[in-house]
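Chain residues, written in single-letter form:
Number of protein chains: 2
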Amino acid sequence: MTVDNATLSASRGPFPTGSVVISVDAMGGDRGPAAVVAGMAESAEKNPEISFIVHGDEAELRRLIGRRKSLAGRCDIRHAGGVVTMDDKPAQVVRKGQDTSMWSTLEAVRQGDAMVAVSCGNTGALMAMSMLRLRKLPGVNRPAIACLWPSRNPQGFNIMLDVGADIRADAHDLLQYALMGTSYARNGLGLEHPRIGLLNVGTEEHKGRTELKQADELIRQAAAEAHYEYVGFVEGGDLPSTRVDVIVTDGFTGNIALKTGEGTAKLVGELLKDAFANSIMSKFAAVLAMTSLRRLQKRIDPRRVNGGIFLGLNGTVVKSHGSADATGVSAAIKLAFTLAKSGFQDRLAARVAQATGTGETGASS
Amino acid sequence: MTVDNATLSASRGPFPTGSVVISVDAMGGDRGPAAVVAGMAESAEKNPEISFIVHGDEAELRRLIGRRKSLAGRCDIRHAGGVVTMDDKPAQVVRKGQDTSMWSTLEAVRQGDAMVAVSCGNTGALMAMSMLRLRKLPGVNRPAIACLWPSRNPQGFNIMLDVGADIRADAHDLLQYALMGTSYARNGLGLEHPRIGLLNVGTEEHKGRTELKQADELIRQAAAEAHYEYVGFVEGGDLPSTRVDVIVTDGFTGNIALKTGEGTAKLVGELLKDAFANSIMSKFAAVLAMTSLRRLQKRIDPRRVNGGIFLGLNGTVVKSHGSADATGVSAAIKLAFTLAKSGFQDRLAARVAQATGTGETGASS
Numbered sequence: 001m002t003v004d005n006a007t008l009s010a011s012r013g014p015f016p017t018g019s020v021v022i023s024v025d026a027m028g029g030d031r032g033p034a035a036v037v038a039g040m041a042e043s044a045e046k047n048p049e050i051s052f053i054v055h056g057d058e059a060e061l062r063r064l065i066g067r068r069k070s071l072a073g074r075c076d077i078r079h080a081g082g083v084v085t086m087d088d089k090p091a092q093v094v095r096k097g098q099d100t101s102m103w104s105t106l107e108a109v110r111q112g113d114a115m116v117a118v119s120c121g122n123t124g125a126l127m128a129m130s131m132l133r134l135r136k137l138p139g140v141n142r143p144a145i146a147c148l149w150p151s152r153n154p155q156g157f158n159i160m161l162d163v164g165a166d167i168r169a170d171a172h173d174l175l176q177y178a179l180m181g182t183s184y185a186r187n188g189l190g191l192e193h194p195r196i197g198l199l200n201v202g203t204e205e206h207k208g209r210t211e212l213k214q215a216d217e218l219i220r221q222a223a224a225e226a227h228y229e230y231v232g233f234v235e236g237g238d239l240p241s242t243r244v245d246v247i248v249t250d251g252f253t254g255n256i257a258l259k260t261g262e263g264t265a266k267l268v269g270e271l272l273k274d275a276f277a278n279s280i281m282s283k284f285a286a287v288l289a290m291t292s293l294r295r296l297q298k299r300i301d302p303r304r305v306n307g308g309i310f311l312g313l314n315g316t317v318v319k320s321h322g323s324a325d326a327t328g329v330s331a332a333i334k335l336a337f338t339l340a341k342s343g344f345q346d347r348l349a350a351r352v353a354q355a356t357g358t359g360e361t362g363a364s365s
Numbered sequence: 366m367t368v369d370n371a372t373l374s375a376s377r378g379p380f381p382t383g384s385v386v387i388s389v390d391a392m393g394g395d396r397g398p399a400a401v402v403a404g405m406a407e408s409a410e411k412n413p414e415i416s417f418i419v420h421g422d423e424a425e426l427r428r429l430i431g432r433r434k435s436l437a438g439r440c441d442i443r444h445a446g447g448v449v450t451m452d453d454k455p456a457q458v459v460r461k462g463q464d465t466s467m468w469s470t471l472e473a474v475r476q477g478d479a480m481v482a483v484s485c486g487n488t489g490a491l492m493a494m495s496m497l498r499l500r501k502l503p504g505v506n507r508p509a510i511a512c513l514w515p516s517r518n519p520q521g522f523n524i525m526l527d528v529g530a531d532i533r534a535d536a537h538d539l540l541q542y543a544l545m546g547t548s549y550a551r552n553g554l555g556l557e558h559p560r561i562g563l564l565n566v567g568t569e570e571h572k573g574r575t576e577l578k579q580a581d582e583l584i585r586q587a588a589a590e591a592h593y594e595y596v597g598f599v600e601g602g603d604l605p606s607t608r609v610d611v612i613v614t615d616g617f618t619g620n621i622a623l624k625t626g627e628g629t630a631k632l633v634g635e636l637l638k639d640a641f642a643n644s645i646m647s648k649f650a651a652v653l654a655m656t657s658l659r660r661l662q663k664r665i666d667p668r669r670v671n672g673g674i675f676l677g678l679n680g681t682v683v684k685s686h687g688s689a690d691a692t693g694v695s696a697a698i699k700l701a702f703t704l705a706k707s708g709f710q711d712r713l714a715a716r717v718a719q720a721t722g723t724g725e726t727g728a729s730s
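Chains as they are written, first to last, in my numbering: chain E, 1 to 365; chain Y, 366 to 730.
These aren't lab readings, by the way, just hints derived from the structure by calculation.
Among the clues, some could well be false.
[To be verified] Using 30 Å as the maximum straight-line C-alpha spacing, the simulated DSS-like pairs for lysine-lysine come out as follows: (1) Y:K631 with E:K213; (2) Y:K578 with E:K89; (3) E:K341 with E:K136; (4) E:K213 with Y:K578; (5) Y:K578 with Y:K501; (6) E:K266 with E:K89; (7) Y:K461 with Y:K501; (8) E:K136 with E:K89; (9) Y:K411 with Y:K631; (10) Y:K454 with Y:K631; (11) E:K213 with E:K136; (12) Y:K631 with E:K273; (13) Y:K578 with E:K96; (14) E:K273 with Y:K638; (15) Y:K461 with E:K213; (16) Y:K706 with Y:K434; (17) Y:K631 with E:K266; (18) E:K69 with E:K341; (19) E:K266 with Y:K638; (20) Y:K501 with Y:K454; (21) E:K213 with Y:K454; (22) E:K266 with Y:K578; (23) Y:K411 with Y:K434; (24) E:K96 with E:K136; (25) E:K341 with E:K46; (26) E:K46 with E:K69; (27) Y:K706 with Y:K411; (28) Y:K706 with Y:K501; (29) E:K266 with E:K46.
All figures in this text were calculated on a predicted structure; none of them were measured in a lab.
Model the full structure from these sequences, guided by the hints.
The following block contains the structure:
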């Protein structure tokens, strides 16, 4: 299977030939459109192939974008007067959200004007709206949100899915997460033959919930055909380990694990700061160790692993942290770019179709 | 309610009047009896009130204990030839484990010779055997394992329960965890009016599983009578926070969260080590910052928060990490001592009895 990005993007909009177009929701994040536009500018400086369709208040966006040289001629602004707030209920937004920047952002992907959508907005609303407008891929029962997890592996990250706070997932859902996680690992992290693990409370086969035992069977059986290695059950302590590349779990457990990991890393960071502020000597040491500490901070900075991916829809959506600053937004855009460039969306669709017997084969998708 | 520890312990065994007797399983940990005896010696040096009943291979224990001055006259050795290994299945151990050091350790508590049991052995086997020999407290449906979690609170730790890998808990079980966690926080951490939170994927009331919504109601209703403050739903990121002192969850979710937190802290520690080893300058800085880094390490060292407590049985059992060294064993013994000294077991029983209407009141238990 080949994906001709150039054809797809060059035929649309006012962008340079060959550019990869990202649809960006400029509103709805905790820091407002200024942080989003700053992140776009950061990405644009580093990457000449990116162009943007930007959604939100036109006057404000024109003003913010006008100040950034790197964005000149690379943004198509689409006005949307409404904003989905963090407190809005997903069900309401789906019914009445047609005028919002979030809706408009997804619409650009639905119509094929952009390849990937990026939003810092309300996660529940974004997922509900994505399911409504982009629709689930044929064969997918329950879309998932995948996150990146800092790890000791050479690629620097492991993937965990679902982290979307969905309260249930049966054995077949978990198998689909394994397939979608494989595609993501291959196209997002460049792993040809990713290792998949199923999150449980013990690594012995007799342990855990019934659906986990069933999923263990299904994921084991599908490994050869789908070109992943199944390592069996893994535990919470394995999330950052070199045992595994992709961790499969239900959305409830995954969301708890994600937030627990973030909370722990934050605590350790704060305690480290306290430790260095403790004496004159340690303050002096902190200055000397600055470069090393910055390297560490960069490695575990949640802003740099920013971007949950919605998988299983007709279109790729990157959910950036609500509190993302320019660095965070830029990381989410970089991820969106990598996935768009790799033809991820078509490969993922082919993989799911193959597994559910609804389409042609695509062995390396 | 008053608890006269002195009377209870002085009437038994060969120990000094007034000593608090801890029953210790010397076998079954990854590092063998030498590490356990070293931990006992550390505790005995710091605390003149502790005495031990020690279970395992008599000849070996006599040799190990004979080398430690601080243990002279403070240990009663009880021979047990069998050892429960980490691979033994709980069901088998319960049927055939009568000759093991674990069994003998629990027996000393059951007979009233010791106030608390400590073991580094196989968690599943220890829980199964504890339920068989000590029996559940009247009114308790599902015993729980509680762990300590480093936090920003003044007491330095929060409590989370259940972390025992039990695969289900209904709303009433979760209410009992709230009550037992309250007792533990009061007697183990000295918090008169602990704040209780229920772990969920969001803090809004409409989110999460059905049993969590029911438990939310029950725990809210019981707060006034049981003298805790209920803060509502908390998320994974709140585990080390100052919002809450006790986090209630089912054993599956709690176990995943516990191991995720440990894994994350370990990763950050390793990356920090890498960072300091990176250049001559940073190695020099590490030397200067040594004291501060040691203070940090002490704060988050899993060995110092060592000790899961089994709650809801007729007797207190402290489960130490299988890989605990002398420092870890000593931390578990210190926790066992604090709980025994506070009369925790009787207070917890009174609290559960009160809540289930099977006994007299004990407002501050």
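In rising order, the numbers of the hints this structure does not comply with: none
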